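Residue numbers (our numbering), protein chains in the order written: chain A, 1 to 352; chain B, 353 to 438; chain C, 439 to 834.
Simulated from the structure, these hints should not be mistaken for lab results.
Every value quoted in this text rests on a predicted model; they were computed, and no experiment measured them.
Misleading hints may appear alongside valid ones.
As the list claims (entries may be wrong) - Calculated pairs, DMTMM-like style, for lysine to aspartate or glutamate (alpha carbon to alpha carbon, straight line, at most 20 Å): (1) Lys528/C to Glu586/C; (2) Lys230/A to Glu240/A; (3) Lys420/B to Asp431/B; (4) Lys420/B to Glu400/B; (5) Lys412/B to Asp485/C; (6) Lys560/C to Asp180/A; (7) Lys43/A to Glu374/B; (8) Lys234/A to Asp485/C; (9) Lys234/A to Glu700/C; (10) Lys519/C to Asp577/C; (11) Lys753/C to Glu649/C; (12) Lys531/C to Glu240/A; (13) Lys129/A to Asp394/B; (14) Lys483/C to Asp101/A; (15) Lys417/B to Asp577/C; (16) Lys417/B to Glu563/C; (17) Lys713/C to Glu159/A; (18) Lys129/A to Glu700/C; (19) Lys412/B to Glu104/A; (20) Lys230/A to Asp585/C; (21) Lys560/C to Glu159/A; (22) Lys554/C to Asp93/A.
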Amino acid sequence: MEVYINALSCISHHNTIDDDFFFEDIPSIPTSNSLQVTAPVYKDYIPANTIRRTSHILKMGISAGLMCLRKTGKEQTDAIVVGTAMGCFEDTDKFLRSIGDNNESMLTPTSFIQSTHNTVAGQLALLTKCHGYNFTYVHQNLSFEYALLDAMLLLKDGEAETVLVGGVDELIPPLFELFDRAGHIKKTENNNEPIWKSKSKGFIAGEGSAFFSIGNKSTDSSIAKIKGVKAIQKLNTEGELSDHCTAFLNELNLKKEDISLVLNGASGDSEKDKRILNFTDTLNLPTAYFKHLCGEYFTSSGFALWLATNILKKQRVPDSIIPTKFSGALKNILIVNHYQDQHYSFICVSAC
Amino acid sequence: MEVQEVIKNLKSQIIEQLNLEEVKPENIDANAPLFGDGLGLDSIDALELIVLLEKNYGVKIKDPKEAKAIFASVQTMADYVVANSK
Amino acid sequence: MSTRVHITGIGIISAIGNNIEETFLSLSECKTGIGKINHLSTIHKNDFLVGEVKQSNEELSKIAGVKNYNRTTLLGLIAAKEALQNSGIKNIKEARTGFISSTTVAGMCHSELLYKDFFENKTNENFIDSHFSGVSTDDIAGIIGIDEYVTTISTACSSAANAVMLGARLIKNNILDRVVVGGVDALSKFTLNGFNTLMILDTEWCKPFDENRKGLNLGEGAAFLVLESDEQVKKSNKKSLALVTGYGNANDAFHQTASSVEGYGAFLAMQAALKVASISHQKIDYINAHGTGTPNNDSSEGIAMQTIFENKVPKFSSTKAYTGHTLAAAAAIEAVISILSMQNNMIFPCLNRSAQMHELTSSPVSVIEKNVNLEHVMSNSFGFGGNCSSLIFSKN
Numbered sequence: 001m002e003v004y005i006n007a008l009s010c011i012s013h014h015n016t017i018d019d020d021f022f023f024e025d026i027p028s029i030p031t032s033n034s035l036q037v038t039a040p041v042y043k044d045y046i047p048a049n050t051i052r053r054t055s056h057i058l059k060m061g062i063s064a065g066l067m068c069l070r071k072t073g074k075e076q077t078d079a080i081v082v083g084t085a086m087g088c089f090e091d092t093d094k095f096l097r098s099i100g101d102n103n104e105s106m107l108t109p110t111s112f113i114q115s116t117h118n119t120v121a122g123q124l125a126l127l128t129k130c131h132g133y134n135f136t137y138v139h140q141n142l143s144f145e146y147a148l149l150d151a152m153l154l155l156k157d158g159e160a161e162t163v164l165v166g167g168v169d170e171l172i173p174p175l176f177e178l179f180d181r182a183g184h185i186k187k188t189e190n191n192n193e194p195i196w197k198s199k200s201k202g203f204i205a206g207e208g209s210a211f212f213s214i215g216n217k218s219t220d221s222s223i224a225k226i227k228g229v230k231a232i233q234k235l236n237t238e239g240e241l242s243d244h245c246t247a248f249l250n251e252l253n254l255k256k257e258d259i260s261l262v263l264n265g266a267s268g269d270s271e272k273d274k275r276i277l278n279f280t281d282t283l284n285l286p287t288a289y290f291k292h293l294c295g296e297y298f299t300s301s302g303f304a305l306w307l308a309t310n311i312l313k314k315q316r317v318p319d320s321i322i323p324t325k326f327s328g329a330l331k332n333i334l335i336v337n338h339y340q341d342q343h344y345s346f347i348c349v350s351a352c
Numbered sequence: 353m354e355v356q357e358v359i360k361n362l363k364s365q366i367i368e369q370l371n372l373e374e375v376k377p378e379n380i381d382a383n384a385p386l387f388g389d390g391l392g393l394d395s396i397d398a399l400e401l402i403v404l405l406e407k408n409y410g411v412k413i414k415d416p417k418e419a420k421a422i423f424a425s426v427q428t429m430a431d432y433v434v435a436n437s438k
Numbered sequence: 439m440s441t442r443v444h445i446t447g448i449g450i451i452s453a454i455g456n457n458i459e460e461t462f463l464s465l466s467e468c469k470t471g472i473g474k475i476n477h478l479s480t481i482h483k484n485d486f487l488v489g490e491v492k493q494s495n496e497e498l499s500k501i502a503g504v505k506n507y508n509r510t511t512l513l514g515l516i517a518a519k520e521a522l523q524n525s526g527i528k529n530i531k532e533a534r535t536g537f538i539s540s541t542t543v544a545g546m547c548h549s550e551l552l553y554k555d556f557f558e559n560k561t562n563e564n565f566i567d568s569h570f571s572g573v574s575t576d577d578i579a580g581i582i583g584i585d586e587y588v589t590t591i592s593t594a595c596s597s598a599a600n601a602v603m604l605g606a607r608l609i610k611n612n613i614l615d616r617v618v619v620g621g622v623d624a625l626s627k628f629t630l631n632g633f634n635t636l637m638i639l640d641t642e643w644c645k646p647f648d649e650n651r652k653g654l655n656l657g658e659g660a661a662f663l664v665l666e667s668d669e670q671v672k673k674s675n676k677k678s679l680a681l682v683t684g685y686g687n688a689n690d691a692f693h694q695t696a697s698s699v700e701g702y703g704a705f706l707a708m709q710a711a712l713k714v715a716s717i718s719h720q721k722i723d724y725i726n727a728h729g730t731g732t733p734n735n736d737s738s739e740g741i742a743m744q745t746i747f748e749n750k751v752p753k754f755s756s757t758k759a760y761t762g763h764t765l766a767a768a769a770a771i772e773a774v775i776s777i778l779s780m781q782n783n784m785i786f787p788c789l790n791r792s793a794q795m796h797e798l799t800s801s802p803v804s805v806i807e808k809n810v811n812l813e814h815v816m817s818n819s820f821g822f823g824g825n826c827s828s829l830i831f832s833k834n
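Sequences and hints are given; from them, build the entire structure.
Next up, the structure:
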């Protein structure tokens, strides 16, 4: 069943909190191997008494969620579903360090209390007094996809008329260090090609928060529609990604030729991106990229969906995301994403 | 330990521990309620203050139910510290 | 959406037993599994009682038949394998099969041992690839051979109830034919110290629904249930253990950790579950309560039950004094215990309870009851972030 995106918001490395921002004059090579967010004025969204104890991810998640809700013109939503793979890592790190530094004594509760993965969803419910359905998915690179699938199921079953659904993950120094020492991060000296032409291993790390208010009916404010989402746990054979794509498009009554643009989640890791780059090559459709804008993180599909929706709304593709300038109408966008050659996903979003 | 000295120290320690960025020590009335009205602290802050007292003054509150009376104001906190620290 | 949701298999490991048989034996003898900390390395070893699984990681590895996995994955694998075996599933790929697990701290039991040394550069042993929540789910799903629909939920102490709820919805919507649902959490310094900072741990055996209760005992474990559609059950010619007939999730929206005085979120969740089950509250024969033993939860939950059941609360008890509070696994462990109750016509009582709570007119079952017919059983689980879930199981 199709669902409608009626409002959306995104906090990312670039100025995506501005609705008019559209990646003009953005370099195709990211400026660093770690892309932190450009934050809104958090106290415009989060009450002072809450903000004083909220960590980075909570600020990002809560404000993007409230920003999105504000745009709907309504104060409430029927349900809240969030995807976050790493949860509240800053709070987790704080508490773990104090356990180690103080030998398990004189520990303070705030960072523990806020370390549970469902704190973003819980705080959104608290601040909007939303007593409805409230779920958090924490399945690595498919966290946002499963949040979206659940939200769509709620709408299909009539359990909700509107759902606030989002994906958020943070990048803080200890996490960067963990990824770096595991060999996952691209060395700065190798960061010299656009990600779709990368010849070196490692990804550009990122973070962000994207939220959507989705409904089961088309309204005047509907911006785009999500036609389908597919989460792929495992690929067993070489050609399986193509097979999944064909099956996915068939389910949506679409042919390959109906896809106006592919948004490819290559991360800049020449080794791990081989399959996703080959796949979009064989599709032979106009292909754009997004991880040089937002960096690699487990819920980057949220950013991709935000970007795709805005592309459909504005009916143009920013030059900075596509090797060959795009021209023509934009009807259906296929987002294909992965993390380190695992947990592939498809999201198909269409113009209203 | 002098009560006035403790009151002075507690004010800046509370601001730091609870991250009350917009509040200055001179704005806190030692006799004003800390919870509900006044500074508007809540039960999570109460737990933080229990740790603050132990860490900075060696004073342990074993039962969280006692905390309500002890944390009524900065004055009552200081009185408790002076009465109970070794 | 005409199919019913059958429970065809269960699997469980906790402080009271490594499998269904041992678990039932402990329950029917009213024997707690809570005791002194044995395996967890912590300065608080002598301060708190916990519901620890008796085996070391090496011993669990032998039981699970695998090597080099952390305690969380081992516990989950043991329970998931038992559930599949109990369900009689031989060929996992013969139907559209999913796996929905849940956890609060996942690989923390391993990460926390290395954390300080890693950041002080005393070790290069990196835990980043085993730390995150979805990893143990991936590992377990990979071993048992499920790759069609695999996901992980984390909503604190209601997590596994939400896994059951999602599984049921997927079957009713004909997205899956069958799904293994549940949760797992292992004890960790992180959670033990965390709950200690909240001052809600009891240093003695917890007393759910007792006037003088002081707090909870932490526990660890895992449990999974196999849910199948009508058609799938017919195809495989098997008998279901029970049906999942009702489920509901609501948010208290009151406080990050505390429940509202009147237990509004709990009330809404129970109301939603009854609506889905299409039964009136009078049909509930027994409630397996969340009943952690904290002053706040038991009061809030008790009042919510009195409200929804219009002061005629059915028989209820908390089984957390047997297993401890197993966090994400709790709802699945208690779902399995509820099924065992229904199958054996028994209600396992609250342990350690003697004094009536002043704010409640109802009292929990405090002595084991046998030969009770339980047609409909409700199981409740409430977590941080105001997350409240209620499940209803019914005899087929």
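Okay, the hints, checked on the actual structure:
At roughly 17 Å between alpha-carbon atoms, Lys528/C and Glu586/C fall within 20 Å of each other, so this suggested pair holds. Restraint check for Lys230/A and Glu240/A: the C-alpha separation of about 14 Å stays at or below 20 Å, so the hint holds. Proposed proximity of Lys420/B and Asp431/B is supported: the alpha carbons are some 14 Å apart, at most 20 Å. Among the hinted pairs, Lys420/B with Glu400/B is consistent with the structure: their alpha-carbon atoms are about 13 Å apart, no more than 20 Å.
With a C-alpha separation of about 16 Å, the suggested pairing of Lys412/B with Asp485/C holds against the 20 Å cut-off. The suggested pairing of Lys560/C with Asp180/A holds, with an alpha-carbon distance near 16 Å, which does not exceed 20 Å. The hinted pair formed by Lys43/A and Glu374/B meets the criterion: a straight-line CA distance of about 12 Å does not exceed 20 Å. Taken as a hint, the Lys234/A and Asp485/C pair is broken in the structure, with Cα atoms around 45 Å apart against an allowance of 20 Å.
With a CA separation close to 45 Å, the supplied pair Lys234/A and Glu700/C exceeds the 20 Å bound. Restraint check for Lys519/C and Asp577/C: the C-alpha separation of about 13 Å stays at or below 20 Å, so the hint holds. Of the supplied pair hints, the one linking Lys753/C and Glu649/C holds, its CA atoms being roughly 18 Å apart against a limit of 20 Å. Our distance criterion of 20 Å between C-alpha atoms is met by Lys531/C and Glu240/A, whose separation comes to about 17 Å.
For a cut-off of 20 Å, the pair hint linking Lys129/A to Asp394/B stands: about 18 Å separates their Cα positions. Under the criterion of a C-alpha separation no larger than 20 Å, the hint pairing Lys483/C with Asp101/A is consistent with the structure, at around 18 Å. About 44 Å separates the Cα atoms of Lys417/B and Asp577/C, which puts this hinted pair outside 20 Å; it is violated. Of the supplied pair hints, the one linking Lys417/B and Glu563/C is violated, its CA atoms being roughly 43 Å apart against a limit of 20 Å.
For the suggested pair Lys713/C and Glu159/A, the alpha carbons sit about 12 Å apart, so the restraint of at most 20 Å is met. Taking the CA atoms of Lys129/A and Glu700/C, the gap is about 16 Å. The hint holds against a cut of 20 Å. For the hint pairing Lys412/B with Glu104/A, the CA-to-CA distance comes to about 16 Å; that is within 20 Å, so the pair holds. Pair hint Lys230/A plus Asp585/C holds up; C-alpha atoms about 13 Å apart against a cutoff of 20 Å.
Among the hinted pairs, Lys560/C with Glu159/A is inconsistent with the structure: their alpha-carbon atoms are about 52 Å apart, more than 20 Å. Taken as a hint, the Lys554/C and Asp93/A pair is honoured in the structure, with Cα atoms around 10 Å apart against an allowance of 20 Å.
When each numbered hint is compared with the structure, violations occur for hints 8, 9, 15, 16, 21.
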